[in-house]
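Q: Take the sequences, apply the hints, and build the full model.
Chains as they are written, first to last, in my numbering: chain A, 1 to 479; chain B, 1001 to 1112.
These are calculated hints, taken from the structure and not from any lab test.
No experiment lies behind these values; they were computed from the predicted model shown.
Each residue gets a CB set at the ideal place from its N, CA and C atoms; glycine is no exception.
One should not assume that every hint holds.
[As the list claims (entries may be wrong)] Here are the simulated lysine-lysine pairs, DSSO-like style, with alpha carbons at most 27 Å apart:
id, chain 1, residue 1, chain 2, residue 2
1, B, Lys1043, A, Lys207
2, A, Lys208, B, Lys1095
3, B, Lys1095, B, Lys1028
4, B, Lys1043, A, Lys208
5, B, Lys1043, B, Lys1095
6, B, Lys1043, B, Lys1028
7, A, Lys207, B, Lys1095
8, B, Lys1028, B, Lys1101
9, B, Lys1028, B, Lys1073
[As the list claims (entries may be wrong)] Listed next, with one range per pair, are the computed distances between beta-carbon atoms:
id, chain 1, residue 1, chain 2, residue 2, range
10, A, Arg268, B, His1030, 43 to 49 Å
11, B, Lys1101, A, Leu464, 49 to 55 Å
12, A, Glu315, B, Phe1112, 54 to 60 Å
13, A, Arg254, B, Glu1039, 32 to 38 Å
14, A, Pro372, B, Gly1103, 23 to 29 Å
15, A, Ala167, B, Phe1112, 24 to 30 Å
16, A, Ala165, B, Ile1044, 54 to 60 Å
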Amino acid sequence: MTPDRRARRDAPPDPGLARHDPDPSEAAAAEARDAVADAHRREWAYVLAATARVAGDLDLAEECVQDAYLAALDAWTKQGVPNSPGAWLTTTARRRALDICRRQRTLRDKLPLLIDPEPANEGLDSSFAPPDPFAALGACLASAGSAPPVPDDRLRLIFTCCHPALAPEAQIALTLRLVCGLTTPQIAQAFLVSEATMAARVTRAKKKIAAARIPYRVPEATELPDRLRAVLAVIHLVYTTGHTDPTGTDLMQRDLVACAIDLARMLRVLMPDEREVRGLLALMLLTDSRTRARTDEQGRLVLLEYQDRGLWNREQIEEGMSLIPQALRGGRPGRYALQAAIAALHAEAKTYQETDWPQIVELYDVLMRVWPSPVVALNRAAARSMVYGAEAALAEIAELEQHGFGGAGRSTGLAGYRYLPAAKADLLRRLGRTDEAVAEYRAALSLTEGGAEREFLLRKLRELGAEERLGDSADSYEE
Amino acid sequence: MAEYMILLFDDEAAWAAASPEEYDRMLKAHGRFQEQCVELGGKIVNSNALQPTSTATSVRGDVVTDGPFAETKEALGGYYLVEAADLDQALAIAKLVPVLKGGVEVRPIMVF
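A: This is the structure:
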């Protein structure tokens, strides 16, 4: 690969390019820019997944897709936006991949991406299968214009990106890069690492896919539950990374949220029978519906209890709620479906006090069996406090701290869990046990690094009349 | 098909303390594994068990020392060189390798 190509690959399609075009119509250029940006968001995974099948190599596929988007700016400005931008981009990217393959026959020896031959697919799939990868080239070029890409190519792509043999952070980076089409600098920024670190992470993961022959395919039925769990975990983590910093000022964080929701929507179309896919999409939509109410004008965190429910996004709530019945139906529901159901009960409640707390407690009981974890244990205790009082909830937390939780032979403690002191502090505060509450808020503060969460704890301390004496670290949070 | 080296890492103390019955059980388990590997569509190209690290000698430059190259709780105790279609198949095979307390590492063989 030539150096200039490598440099170009990291750059998103530059909308400014169209302006240098001698073509007169500014309106046409604007339309093309919009269409390219739209296609980048909607069709990236589709185009890349279909191109990877022809290119037989993720790096080459990515480069060809990037080139196709650049070519689209120019072509669509001159000739108008095609009826099916995705098909146009796919055809262009695949032609380019085939051209390059033809010229660099050595590519065959370069540990290509492992693609299952699927004879049902009009010879497209065998275009890269040994012994002669180029036998089907003519047929492939001929059909590239008309034949739609195999519908599950995007699934292959995401399952390859989220293969358990790749490190979790590499799975996320690859998914954002290859499936969502984010650039390496964007991903680096979102995960607070240097561009060089992120680029190395992506390169290493791609090399492992090729060298260890991680296959480009959807797992078989027996492996599917585990493998799908890994994919959903990646999507959920992309979402929480975007959602956790609630200041809302950082556009990148919103992009991550949008990527996660787009990914879940895509999976829902491709795997309509998977209940947890619905569950996860519902959970993200319902959680995201509260975004505008999560912070006040000063960008400070507002807890559910004090949120202005009029600011909640009703459209997202409706869409999220519509997914839940089918996510819950048919056997024991998964963790995402249950979490979504809990979020739905909050979404339906007129006020915090009028929330159906007994049902929420019941759902947490089931969730605790499906997914025993500190976060569920604490949330269940908080929900129980709304039904049985703060005293009972405190006793339950004390019990959890002492004996842990989890099924037989698998006991997990709460010790060191950073939300533990904050949860206790809130219950103590409600019981009027101010001194103990202050001590717990201080303990929480010592475990918290995030700006908005620290600010929240400091505010709670001030409300309880406690001066913060942590010194240096508190200075930057003064009003 | 591609070749993968499955490296067996196990607790040497556990092996040293194993009763003759347990030893025999492990040997039989390895015999069974070799059949299962074929059933999964893989092929064992070569395999060997190694003498314990107490018999190892390391050489770094000109310096010869007694013991393994790197001291670890679970030491390299043997290997299977297998042929598999892809990493998924190699991992399916690797999951069946009998070990006492440790686990295995799967490494693709470099193709030049």
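Q: All the hints need checking, so say for each whether the structure fits it.
A: Comparing the hints with the structure gives:
1. B:Lys1043 / A:Lys207: holds (25 Å)
2. A:Lys208 / B:Lys1095: holds (20 Å)
3. B:Lys1095 / B:Lys1028: holds (17 Å)
4. B:Lys1043 / A:Lys208: holds (22 Å)
5. B:Lys1043 / B:Lys1095: holds (15 Å)
6. B:Lys1043 / B:Lys1028: Roughly 18 Å between the alpha carbons, so the hint for lysine 1043 of chain B and lysine 1028 of chain B holds.
7. A:Lys207 / B:Lys1095: Roughly 23 Å between the alpha carbons, so the hint for lysine 207 of chain A and lysine 1095 of chain B holds.
8. B:Lys1028 / B:Lys1101: holds (17 Å)
9. B:Lys1028 / B:Lys1073: holds (25 Å)
10. A:Arg268 / B:His1030: 43 to 49 Å: holds (45 Å)
11. B:Lys1101 / A:Leu464: 49 to 55 Å: This hint holds: roughly 51 Å between Cβ atoms.
12. A:Glu315 / B:Phe1112: 54 to 60 Å: Because 57 Å falls inside the window, the suggested range holds.
13. A:Arg254 / B:Glu1039: 32 to 38 Å: Taking Cβ atoms as reference, arginine 254 of chain A and glutamate 1039 of chain B lie about 51 Å apart, which means the hint is violated.
14. A:Pro372 / B:Gly1103: 23 to 29 Å: Taking Cβ atoms as reference, proline 372 of chain A and glycine 1103 of chain B lie about 25 Å apart, which means the hint holds.
15. A:Ala167 / B:Phe1112: 24 to 30 Å: At 27 Å between Cβs, range holds.
16. A:Ala165 / B:Ile1044: 54 to 60 Å: violated (21 Å)
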